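Residue numbers (this note's numbering): -9 to 272.
Just to be clear, a hint being listed does not mean it is correct.
With a Cα cut of at most 27 angstroms, we get these calculated DSSO-like pairs of lysine-lysine [said to hold, decoys possible]: (1) LYS189 / LYS221; (2) LYS252 / LYS189; (3) LYS189 / LYS214.
Just so you know, the hints here were simulated from the structure itself, not pulled from any lab data.
In this text the structure is predicted, and so the values were computed from the model without any measurement.
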Amino acid sequence: MSIPIHWRLSFSAATSAVPQPQKAERSLSEHPPEPSRARETRAEAPAATKRGMFAGLNLGAGRSRPDAQAFSRVKVATREAGMAPAAEQRGGRDELAQAVDGFARAWSDAARMRTANLPVLEHQKQALGRAGAALEAARPGGTRELLSALRHDPATGRAMAGLEGTERAVQLVAGMERERQAQLDPNVRAERTVATWHKLEQEHGRLRGFEHEEARAQVEARMKALAGAIKRDPQMESVMRARSRELGIERGSKLDRLTEEKNVERAINRSVTRERDLGMER
-9 MSIPIHWRLS FSAATSAVPQ PQKAERSLSE HPPEPSRARE TRAEAPAATK
41 RGMFAGLNLG AGRSRPDAQA FSRVKVATRE AGMAPAAEQR GGRDELAQAV
91 DGFARAWSDA ARMRTANLPV LEHQKQALGR AGAALEAARP GGTRELLSAL
141 RHDPATGRAM AGLEGTERAV QLVAGMERER QAQLDPNVRA ERTVATWHKL
191 EQEHGRLRGF EHEEARAQVE ARMKALAGAI KRDPQMESVM RARSRELGIE
241 RGSKLDRLTE EKNVERAINR SVTRERDLGM ER
């Protein structure tokens, strides 16, 4: 099973966000949730491989799968929790926790290759694809939530790098819940989106010349996709306009013009228009 493209992009960003595990540490200090407006802006960062991120870390190869009862203490809200019998609710939590544990094993195996600057092997890609499908079956959208939590929530990253088995699954599911709540806040979405846009603009500005045409086109495609996401989220766009100075949106910049443009299609098409005559990118 192949890995969807949006998983691969998120995987690269999440890999770079997971911290270096300490050899003498096997436990975590809990990191507070981050739903507040005053939180430090976190954004999707370009993939940046680092050697030794998982050096010495036991990734759990060869361990037997934990049984379902081992995950019974994981508490996850379900859409029909109020109507489902208690046993069914427990079964759903167990299924999610086991799916998260399986994804964590496959993710760590592939991440170890990436951080060692080695290609991810085909069987590892297939294992990650299967694990992602199982996680999606247990919780639709769960793969995106977990990968986003790995990028934005330090406690989730520490859990992925420093824990294993049941304990890791518990912390990862908790991180997914924090991430789900954070994404409901338009201020959080605005902060992350602006930071991501600025990074893409910087990357786009570095890719000048015909020799970078292909890479530049890929960045432009991501900028257009982000522009579309902005226009489809009126709450977030309103926050971006209201907090433009605080968020670092310069007056007259492309992002400023994007949020002010009423025509969605025109806004998206103009989001990556290069100002060749001026020889600059804004």
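Tell me, which hint numbers fail for this structure? none
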